[in-house]
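4 protein chains.
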Amino acid sequence: MTSPTQPSAPLPVNLHDFEVIAARVLPKMVYDYYAGGANDEVLLSSTRAAWDAIEIRYRVMRDVSARSWACKVLGQSLSWPVMIAPMAMQRMAHAEGELATAHAANQLATGMVLSTLSTTSVEDVSAVLKQPLWFQLYIEKDRGATKALVERAHEAGCRALVLTVDTPLLGRRERDVRNQFHLKADMPFPHLRVAAGDALVAQEATTSSLATYVASQWDASISWKDLAWLQSITTLPILVKGVVRADDAVMALESGAAGVIVSNHGGRQLDASVTTVGALPEIANAMAGRGALLVDGGVRRGTDVLKAIALGAHAVLLGRPVLWGLSAGGVDGVKQVLQLLRDEFDLAMALSGCRGVGEITSDLVA
Amino acid sequence: MTSPTQPSAPLPVNLHDFEVIAARVLPKMVYDYYAGGANDEVLLSSTRAAWDAIEIRYRVMRDVSARSWACKVLGQSLSWPVMIAPMAMQRMAHAEGELATAHAANQLATGMVLSTLSTTSVEDVSAVLKQPLWFQLYIEKDRGATKALVERAHEAGCRALVLTVDTPLLGRRERDVRNQFHLKADMPFPHLRVAAGDALVAQEATTSSLATYVASQWDASISWKDLAWLQSITTLPILVKGVVRADDAVMALESGAAGVIVSNHGGRQLDASVTTVGALPEIANAMAGRGALLVDGGVRRGTDVLKAIALGAHAVLLGRPVLWGLSAGGVDGVKQVLQLLRDEFDLAMALSGCRGVGEITSDLVA
Amino acid sequence: MTSPTQPSAPLPVNLHDFEVIAARVLPKMVYDYYAGGANDEVLLSSTRAAWDAIEIRYRVMRDVSARSWACKVLGQSLSWPVMIAPMAMQRMAHAEGELATAHAANQLATGMVLSTLSTTSVEDVSAVLKQPLWFQLYIEKDRGATKALVERAHEAGCRALVLTVDTPLLGRRERDVRNQFHLKADMPFPHLRVAAGDALVAQEATTSSLATYVASQWDASISWKDLAWLQSITTLPILVKGVVRADDAVMALESGAAGVIVSNHGGRQLDASVTTVGALPEIANAMAGRGALLVDGGVRRGTDVLKAIALGAHAVLLGRPVLWGLSAGGVDGVKQVLQLLRDEFDLAMALSGCRGVGEITSDLVA
Amino acid sequence: MTSPTQPSAPLPVNLHDFEVIAARVLPKMVYDYYAGGANDEVLLSSTRAAWDAIEIRYRVMRDVSARSWACKVLGQSLSWPVMIAPMAMQRMAHAEGELATAHAANQLATGMVLSTLSTTSVEDVSAVLKQPLWFQLYIEKDRGATKALVERAHEAGCRALVLTVDTPLLGRRERDVRNQFHLKADMPFPHLRVAAGDALVAQEATTSSLATYVASQWDASISWKDLAWLQSITTLPILVKGVVRADDAVMALESGAAGVIVSNHGGRQLDASVTTVGALPEIANAMAGRGALLVDGGVRRGTDVLKAIALGAHAVLLGRPVLWGLSAGGVDGVKQVLQLLRDEFDLAMALSGCRGVGEITSDLVA
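Chains as they are written, first to last, in this note's numbering: chain A, 23 to 388; chain B, 23 to 388; chain C, 23 to 388; chain D, 23 to 388.
Isolated chain A (complex conformation):
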């Protein structure tokens, strides 16, 4: 499906093109870290196949001369239903890292979720970003550290927390194991304590340094009561990310979450798991409109965004393509990626007979 950039057309024309460029400009260890999935990477291909298998039953003759992409998630206004997914260590892709991403997000009016493993501080990102900023976190064994991070994110201006729950341990990403994945010694981790960050530099024979770090720092014992605890220490709304079952989505709401992000961590945790596209309808049905519902995983086309909304999501998170744009051209690369996707989404709405996000209804994919 990838359409390689051709000599006669120096400008990338779709998100696939940016991955081709990134694969060329990034060191293999870095490209593999971003591109890879767990184990056999079955989920990477099944996810794209699942998106492609959904056919849009578009409507015609609906006066689509004026279209609005505006929507609300958690009561926050988004100018279009795409936010940037939390992705670690963006300075590996480009020297300006998360700041470049934030600048590009401004230009396309795109919200952003900052990773705990960001290589730029939440304060610096917040100072730049004029769109909704959310903070992604794990519950660490050291609850005090977690609480401090929550407060810091709040004070920095984040408007929601995203609690990742699919990572009690790190998935087995075999590319990283083969590459003995590790970080440069000078890579900043402003949200990690120094001692912890140092661990990521180690080069290990049979695992990635990240897996070792996760096992030592994060808390595999978390359960729904910890979500209640987290909610008790903050007034920020919490989204639970990594849910693929209706019962877990309902439990998240009942434990105080403001919403759910259907995600399998981009295929990087449990390779044999259900696709997010496959899990979305039952979760949307079980939530029945209570709480925010987002989805990520494999989104590469504007029509994917439209499909996600038709299947019940309020918005999608865009992951790897942002990294490909960042690798290819920093601010400008991310901007192009977001622009292409927004243009595609806009065209998909027009060609499906939708004037607003609210008209992207389930009959379009039934």
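Hints are supplied without guarantee of correctness; some may be wrong.
Copies of the same chain look alike in the list, so a pair counts if it fits in one copy or across any two.
Each computed EDC-like pair below joins lysine to aspartate or glutamate, with the alpha-carbon atoms no more than 16 Å apart [unchecked claim]:
1. K206 / D220
2. K163 / D248
3. K247 / D85
4. K163 / D85
5. K247 / E276
6. K169 / D241
Everything labelled a hint here was simulated from the structure, so no lab data went into it.
The model shown is predicted, which means the values in this text are computed figures rather than measured ones.
With chain A's structure known, arrange chains B, C and D on it following the hints.
Using the frame of chain A, we list chains B, C and D on its own:
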């Protein structure tokens, strides 16, 4: 599936062979314009797969010594249930363009739908064609221009209008973007105002000139009331082309249309859409015999024509293969393409136990 | 799936190996004639896929130390439920043609259906064959010729007639068209009148000589009453070959046939038709034990024979592999092919817990 | 799916890597014997496809900080629900053969099923193995020999018998036929009588020596009453291996078996049979908790183990990967294979929200 023409067999034996020839003789920019689809071109392959997946439950011992292909669409007699689809700019394929197509259509007694983007005037085509001629159009922002075109088509002898409704904006055809698709300065567009036609010559970096033209001239605001308006200014029957949903088909009939053409614009508009083969049965069921029902998209074999009719269509429109024939050999090329398809359809009827089009019933594909 | 014969193993180990040898030793025009199907040859691959998709739910602990393959079809005893399908012009494959096939059939106690287009006379074959001999025919325009052929077959010792009904016209076999398929002038056709046989020698530009012959000699007007007529002029039981629908199977019985052969002519007539594997269950169900039921098409493994019987057939006809054996080694080649298949069938019975053909029941494939 | 070991990563990271190594270090005849399946090897690929098609609906927030893999099968404690499948002639893979396997099993606390065709005596293996040891056998024509073997296994300390019932005759393994598979003259077969073992050394033109041996020694006449007989001569529990149908599983229990192993002999007996993954649910349902239920076939990932248990199995048998580890590195190779699989299973439990084997329930795969 393509069977390349072999040195020892200079005569093409099927429609695939003509595409192979066309790909060789046409400039890449032109071949890509004709052959390409939108975005990932998923629909091009899913459409062929959908045709191939339908199995004919043929009948035997039905005395098929005499077979009739005659049928009626809109009360107009067709000698066989295939018409030539509206296709733009046929002079790009061959110097004689639409006139060559019309001459070939005469020889095989095939009706023809002329595109608004024809490079030959409707008057000139009408002067040649001895078979039903229909005129395809869009509703332009300038309703006066649209009205004038309708009247001109009527006066020229067209017997129906085909209103394309799947193109409020042009689909993203990435081959054209990469090729910076544009037209030669001397290409005639007798149905466009000169100023508009000139726009098609421009070479743009990030889009095709056609997309720019469409956005500036055609009206993305059209809705079902515009269909009623169009019907109010003409006594010609109107077919609505680009429908893939039962509710839209019914709405078309209720808005005054004489029928529906199930089409997704040959996969050139919304890549992720449903196949026409997939959409046809529910539309045939909803129309329940009211109005004409045609289908296009991916027809390459006589058995596809038979399947389409068994699924509820009254006739099919043949698109790209006509262009391949035109590119390969002008009048004679188109004639061969039509002859091959008619022979295949005739044989398919004989081998399915059908003596007439009326015997091509749904039990053949159930 | 083909397992090429390897230098270290000069003996073919399965039926696929024989096709590899045949493709090497036969002239391309002849190999293509035998191997090819109609049009896109979709049916050739869908048929193998259909066989492979059926999974055997084998039984264990059934005392399979003694197994019997004996069965009855039309009241005639077969030592195993496989007969040789009617296949034209076997002298193209090997100088001894149908006589070699008959000698090999004797050695494996396999019955044989002789084609009207045989290059050996029914009398000569009958003189050799010690197993059931059936005669395959078409109804010719010249009913007198048909009647004479029926009487001749009867007198020669044939014990059933196989009326092929899927060929009112010859399917479009594009390999043959490309190859300008024709026969050598000295090829004997003892069941054709000389004038007719001569037509097969002509080399034509856009078709195969066989297609021209069929159109001129066979009767496309035949219907169920002609079956009644055929039955009226002979006391031989008649099997109707080429049926893929339950209603046609029932009609065959009601028109006097003694049974039905589910066949699509090895994918050589209507390419887009249903597979015989797919059609078999509904036909078996509709016939409900009345009349003989056989199937052909794509049988390459002993497990295919077992599956066919479990799906309701009484026996299968084996086609192309016999020709591959004949091409590879005359009598001995056919013998090896039959021996391999019988050994495979025997092993399939043992491993499925079946002591006799009657124990090959539908629960094995449900 | 195979991930080749790369120069920069000398340590294999998954079970696939070990097959790549084994294919390089083993003689072709030996590798083919281990790797091959019957006939077209359809079952080898359909089995992997069947595992991959099952998607895990993982749970989150379940406090998986402490996980237990302990389980019981036949009342015997297993430290994790994987045992080593009975596999013949392990000295072909490595000079230390079954003893190496046993040593590795100790290190990972894995039980082991010893094959009758072991090249190490049950006494020697038992002297080493500190985990459950079961003995696999066939019922031989010579019931006295069978009885003696049962008593010998019991006295050697085996705690269960595994009766293989899918092999009344040996499957047609075409790689072995092509390779004229045979054994070295000095290969020990401590559980076979000398005369019988000698037969395995013969090199035959059209079969493997093993097929000849099986046909001469084992009893194709066995039926359910022979299971009763076997149970009558021993107090050891008997598991019936090779069942793929619910009715056969129930019959096994009713004939005195202590449980069932769903198996198709690794695709080496009846190529066209149902996959074990496909057969497992109906068998689990029919057994309804009575007796032990194990499964083998194609297990390559920790998630496969989890899926098997979610589908109703109490444990799985691991086959070929053990041989690849043995070939690659003797004790250490097998140890690494088991370690990798146990680590993967542990991670799969954690990422699925399971703290113990009892929490691996059917809703995870529904």
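Name the hints, by number, that the structure is in violation of.
none
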